[in-house]
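Could you build the full structure based on these sequences and the hints that come with them?
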Amino acid sequence: MTPVLAVRGLAYAYPDGRQALFGANLSIQRGERVALLGPNGAGKTTLALHLNGILTPGAGSVSVSGLPVTKPNLAEIRRRVGLVFQDPDDQLFLPTVAQDVAFGPANLGLRGAELEQRVQEALLAVGLPELRDRAPHHLSFGQRRRVALATVLAMRPEILVLDEPTSNLDPASRRELAEVLESLDVTVLMVTHDLPYALQLCPRSVILSDGVIVADGPTGELLADAELLAAHRLELPYGFSVV
Amino acid sequence: MALIGFVCAVVATPSLTMWPFVVQLLVLAVVAGLARLHPGRLLRGLAIEVPFVAFAFAMPFLATGDRITVAGLSVSVAGLWGAGTLLAKSTLGVLAALILAATTQRAEFVAGMQRLRLPSVLVEILSFMVRYLDVIAEQWHRMAIARTSRGFQARNPTSWSALSGAVGTGFIRAFERGERVHLAMLARGYSGALPEAIGAARAARPVEWGWAVLLVATSLTITSLSWGLA
Numbered sequence: 001m002t003p004v005l006a007v008r009g010l011a012y013a014y015p016d017g018r019q020a021l022f023g024a025n026l027s028i029q030r031g032e033r034v035a036l037l038g039p040n041g042a043g044k045t046t047l048a049l050h051l052n053g054i055l056t057p058g059a060g061s062v063s064v065s066g067l068p069v070t071k072p073n074l075a076e077i078r079r080r081v082g083l084v085f086q087d088p089d090d091q092l093f094l095p096t097v098a099q100d101v102a103f104g105p106a107n108l109g110l111r112g113a114e115l116e117q118r119v120q121e122a123l124l125a126v127g128l129p130e131l132r133d134r135a136p137h138h139l140s141f142g143q144r145r146r147v148a149l150a151t152v153l154a155m156r157p158e159i160l161v162l163d164e165p166t167s168n169l170d171p172a173s174r175r176e177l178a179e180v181l182e183s184l185d186v187t188v189l190m191v192t193h194d195l196p197y198a199l200q201l202c203p204r205s206v207i208l209s210d211g212v213i214v215a216d217g218p219t220g221e222l223l224a225d226a227e228l229l230a231a232h233r234l235e236l237p238y239g240f241s242v243v
Numbered sequence: 001m002a003l004i005g006f007v008c009a010v011v012a013t014p015s016l017t018m019w020p021f022v023v024q025l026l027v028l029a030v031v032a033g034l035a036r037l038h039p040g041r042l043l044r045g046l047a048i049e050v051p052f053v054a055f056a057f058a059m060p061f062l063a064t065g066d067r068i069t070v071a072g073l074s075v076s077v078a079g080l081w082g083a084g085t086l087l088a089k090s091t092l093g094v095l096a097a098l099i100l101a102a103t104t105q106r107a108e109f110v111a112g113m114q115r116l117r118l119p120s121v122l123v124e125i126l127s128f129m130v131r132y133l134d135v136i137a138e139q140w141h142r143m144a145i146a147r148t149s150r151g152f153q154a155r156n157p158t159s160w161s162a163l164s165g166a167v168g169t170g171f172i173r174a175f176e177r178g179e180r181v182h183l184a185m186l187a188r189g190y191s192g193a194l195p196e197a198i199g200a201a202r203a204a205r206p207v208e209w210g211w212a213v214l215l216v217a218t219s220l221t222i223t224s225l226s227w228g229l230a
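Keeping their order, the protein sequence lines are chains A and B.
Numbering of the first sequence is given in the working numbering, commencing with residue 1 and proceeding in unit increments.
Numbering of the second sequence is given in the working numbering, commencing with residue 1 and proceeding in unit increments.
Heads up, some of the hints might be wrong.
What the hints assert, rightly or not - Calculated cross-link-like contacts (lysine to any residue; reagent style SDA-like; alpha-carbon spacing at most 20 Å): (1) A:K71 x B:S191; (2) A:K71 x B:L183; (3) A:K71 x B:G192.
Calculated from the structure, these hints are not laboratory results.
Shown next, in the form of structure tokens:
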């Protein structure tokens, strides 16, 4: 079966010469929820920005449901890959929530009732239909994170890529986001160093360290391997252990 | 629209009479009263006019022409009239702008300009400014608190280097924020123009148009009357 996401030998160096990825390989099947784990500076965000063609690989390739990420395919790739950024203030830029949620599907050419239905459906999926006419900067941080998720869901992506979805969330917002993510019927790649969250939501995890994938397996097994975690600057929070 | 009309009418008033300005001021006072605006708030907003006031005070001394003596100082007659009308015109213009700002939400203002078919690039730049002003101001505020927490006090010129560093950092952060926003837009398929379908802002109601037209008509009448009587 064609994987939803296929990354082969991906290497990338920033224009200033700093190399972030050294030949990463990753394949994700439809319906999977996978955590991409790694310490700060491992290249996680750089990898995520390759998945919808924001960055162009120095070597290697990315394809989404068989469609290679290349310039002529960018519009379709960006519909298929929904990228949720770490800071919702980077993602929400229009005067009202509804306009922001409509931005993506309107770029895809949807208009009128069809567009309105997408907005409604996405806001329902994140449980915030009542916020549609509010200004994004008046919402709580947790609400903004969920609206940012809705702006991407409105494009009905085949794979959802979340960059550090729990950063800066309080425990209640964190749980609410988890409930939303669990209710969605969509393939997920979650970039994080929040190991308990990975364990809660993702049956499978991969570890990215120094620009390559160094481990790939069931999340519980990886997190129980203290030596593996220590070798790649990953740690469970104090008092936690996986049995 | 009414703001521009009103300002044009005020600016077109002949400069050798004073009564039209008083009447225009009364018109504005009525508008402000209808909008239930607090006079103190408008007066504070007038502070923006200070540079013009300074220039207006200099005019009687700098202008040439017939001179008269007022309180022991030799001043130019043309300069006096010039200063008086400059003061009157700028005060009226600023007051009208303040009333607009106080009665219109920022998002409505941007939507209004879009409906009036201002160039879309200009409207987009303004709407981004409106959206991120709070974010950047808050960031600036946090940086200020962090500076103060480490014992910083802006008292004398030795603190300027720290402040200029902060301004520089603030600029770079705003710039980086702009880049990230752009990336996030690209990730949702942005291709150079905001789709019109999302900008469904409320249009002005006929009644509101009526009030706007009434205001401009009143001030235009005052202007033409003053030309006729001058």
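> Does the structure keep A:K71 and B:S191 at a Cα separation of 20 Å or less?
Replying inline: 13 Å, holds
> Within a Cα-Cα threshold of 20 Å, do A:K71 and B:L183 meet the stated pairing?
Replying inline: 16 Å, holds
> Between A:K71 and B:G192, is the straight-line Cα distance small enough, at 20 Å or below?
Replying inline: 16 Å, holds
Violated hints for the displayed structure: none, as all numbered hints are satisfied.
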